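Position chain B against the provided structure of chain A, taking the given hints into account.
Just so you know, the sequences run in chain order A and B.
Read in numbering that gives the first Met the number 0, the first sequence has 155 at position 156, and its numbers run on one by one without any break.
Read in numbering that gives the first Met the number 0, the second sequence has 210 at position 211, and its numbers run on one by one without any break.
One should not assume that every hint holds.
As the list claims (entries may be wrong) - For lysine to aspartate or glutamate, the following EDC-like pairs were computed, each having C-alpha atoms within a straight-line distance of at most 20 Å:
(1) B:Lys181 with B:Asp234
(2) A:Lys233 with B:Asp51
(3) A:Lys135 with B:Glu28
(4) A:Lys274 with A:Glu264
(5) A:Lys228 with A:Glu209
(6) A:Lys168 with B:Asp51
(7) B:Lys27 with B:Glu48
(8) B:Lys9 with B:Glu21
(9) A:Lys231 with A:Asp170
(10) B:Lys46 with B:Asp35
(11) A:Lys59 with B:Glu160
(12) A:Lys255 with A:Glu188
(13) B:Lys186 with B:Glu158
(14) B:Lys186 with B:Asp234
(15) A:Lys135 with B:Asp51
(16) A:Lys228 with A:Glu61
(17) A:Lys6 with A:Glu278
(18) B:Lys214 with B:Asp195
(19) A:Lys168 with B:Asp35
(20) B:Lys9 with B:Glu301
(21) B:Lys27 with A:Asp139
(22) A:Lys59 with B:Glu28
(23) B:Lys307 with B:Asp195
Keep in mind that the hints were calculated from the coordinates and are not lab data.
Bear in mind the structure is a predicted one, so any value in this text is a computation, not a measurement.
Each chain is listed here by its residues.
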Amino acid sequence: MTPDLNKLEGIATQVRRDIVRMVHGSQSGHPGGSLGCADFFVALYFQVMKHNSDFQMNGKNEDLFFLSNGHISPVWYSVLARSGYFEVEELATFRKLNTRLQGHPTTHEHLPGIRIASGSLGQGLSVAIGAAITKKLNNDPNLVYTLHGDGELQEGQIWEAAMYAPHNKVDNLISTIDVNGQQIDGSTENVLSLGNLRAKWEAFGWDVLEMNGNDMQDVLRVLELAKSKTGKGKPILILMQTVMGNGIDFMMHSHKWHGIAPNDEQLAAALLQLKDTKEDY
Amino acid sequence: MKKYTYTEKKDTRSGFGAGLLEAGKKNKEVVALCADLIGSLKMDAFKNEFPDRFFQVGIAEANMMGIAAGMTIGGKIPFTGTFANFSTGRVYDQIRQSIAYSNKNVKICASHAGLTLGEDGATHQILEDIGLMKMLPGMTVINPCDYNQTKAATMAIAEYEGPVYLRFGRPSVPVFTDPDQKFEIGKAWMVNEGTDVSIIATGHLVWKAIEAAEKLAEMGINAEVINIHTIKPLDEKAILDSVAKTGCVVTAEEHNRLGGLGDSVAQVLARNNPAPQEYVAVDDSFGESGTPDQLMEKYGLESGDIIKAAQKAINRKTGK
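Only chain A is shown next, with the shape it has when bound in the complex (with noise of 0.2 Å):
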């Protein structure tokens, strides 16, 4: 299927809308991650993936998608909610009491969509490769794909399962690392440098791609390649460059966004520079 740019930037609009809602209407949660990541979620659950939004936890014959850095929810859950998981109107229920909608995503609510808790970070990379293992040995051809922050990568268990995918040919991965240079207390730069990403994954044997993460047409361009380096041995790394909080000006740039939420005088602001597109919940 030919991709429609404009239809596909017009729903990432709306999630942009939908998470500074949320993230609003609970006073709490992490807009920063979520807005620079909502053109990959967008590009990945309208257009790239193969996925069935009548919910099976086992995943059978579909696509899968793992988020390991649990805690830009907000950006998930409208996703999944604006392609058919749940209804749109709970995610007014984001990080209330009894909501499904949790603060880090979980199985444990039976949310449609979620097939492993995350937020504890670093555990989503051997998730993944668990799931591809087990796509493999039920001769299922589908693909995993999963997405990591790049703070992330400063927990070791990252590095067990980077090791561990290239070296058992784990090649129906593709694993995104959201690069936006930023952590709660600063820069990754100034925390824990990361070095050289590329050569850091490629010595360690994956197939490296990289794309800007907020120009959607780069964004399909690069997944669509992605796949076609599946199943020729290696598994696929994408880094993805992106800015923190963006399409809010105010919100760009900055770990300030990391993890607060906008008062009801700066929601008004961001929601003036993102256009309703597909009504709000």
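Relative to the frame of chain A, chain B by itself:
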């Protein structure tokens, strides 16, 4: 009083290896992962029989737990194998988030638990693992007593849906249970009925409890012995029924006094029918190097220790 005998001694980890092979033959969804300890975990037979369903992950236990969790998505039943220390403390958060909270059908199989690992010393002798695992909501915790029971337990957990911690050990210990036993998760096994004191034991301490009961009988004390192979969910009824009859209890385990079987039993009694309880357990301490027998003696986990504890519990009950 039933008389228990044995003709051979075997390690419980070999019971796990035999059970894993049988579970693999019975169900093709069973897969196994190991963190560079295939021989120690006795996983060779499974690996040789099912090379495509066996996964060597290297010395990377956190990754192993995550991979196991992911493998359940699509229907596999993963058994992870490494030492108890590296199966629990080292990977607690991975188990907590990716397995327990996510309710994944992973079987965490842990060898070399407790002091009887021996000469390697305290770095490898975890005495806190039962406590760590039983505190996780939804986690089943099993600590069988001999080769046959470990084999049966391994086969039983393959048929149970949900996360399980299966604990076993390295030393050769008497094989005294039925080789064809049916293992019921969560069901206590009445080893010997008695009226004076309930000895509630798990793992390697069950045989020592049997030895203690025989000596107590010679001293005119009629001890009831119960094997709690499943620490969670705990067979509360079996415990309460026994203590209602005997009025006092000794718990026996190769684990820290804090957080183990004894604490689980104490909680059941405190909430229902408080009774004098004595603990045979490691007294909030790390272990050390030594032979298994030397360590069990030094840390007070021998049948003689159970006898003394039983006498003390009875004295407390009768106000002596």
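Each hint tested on the structure:
1. B:Lys181 with B:Asp234: Judged against 20 Å, a Cα distance of about 16 Å means the pair holds.
2. A:Lys233 with B:Asp51: This hinted pair holds, its Cα atoms lying about 19 Å apart.
3. A:Lys135 with B:Glu28: 13 Å, holds
4. A:Lys274 with A:Glu264: 17 Å, holds
5. A:Lys228 with A:Glu209: 14 Å, holds
6. A:Lys168 with B:Asp51: 14 Å, holds
7. B:Lys27 with B:Glu48: Since the Cα atoms of lysine 27 (chain B) and glutamate 48 (chain B) sit roughly 12 Å apart, the hinted pair holds (cutoff 20 Å).
8. B:Lys9 with B:Glu21: Holds, at about 18 Å.
9. A:Lys231 with A:Asp170: 6 Å, holds
10. B:Lys46 with B:Asp35: 13 Å, holds
11. A:Lys59 with B:Glu160: 19 Å, holds
12. A:Lys255 with A:Glu188: 15 Å, holds
13. B:Lys186 with B:Glu158: 16 Å, holds
14. B:Lys186 with B:Asp234: 6 Å, holds
15. A:Lys135 with B:Asp51: 11 Å, holds
16. A:Lys228 with A:Glu61: Holds, at about 18 Å.
17. A:Lys6 with A:Glu278: Holds, because 14 Å separates the two Cα atoms, which is no more than 20 Å.
18. B:Lys214 with B:Asp195: 14 Å, holds
19. A:Lys168 with B:Asp35: 19 Å, holds
20. B:Lys9 with B:Glu301: Answer holds: lysine 9 (chain B) to glutamate 301 (chain B) is near 19 Å, not above 20 Å.
21. B:Lys27 with A:Asp139: Holds - the C-alpha atoms of aspartate 139 (chain A) and lysine 27 (chain B) are around 16 Å apart, at most 20 Å.
22. A:Lys59 with B:Glu28: It holds: about 14 Å lies between the C-alpha atoms, which stays within 20 Å.
23. B:Lys307 with B:Asp195: Status holds; Cα separation ~14 Å.
The structure fails none of the hints (numbered hints given earlier).
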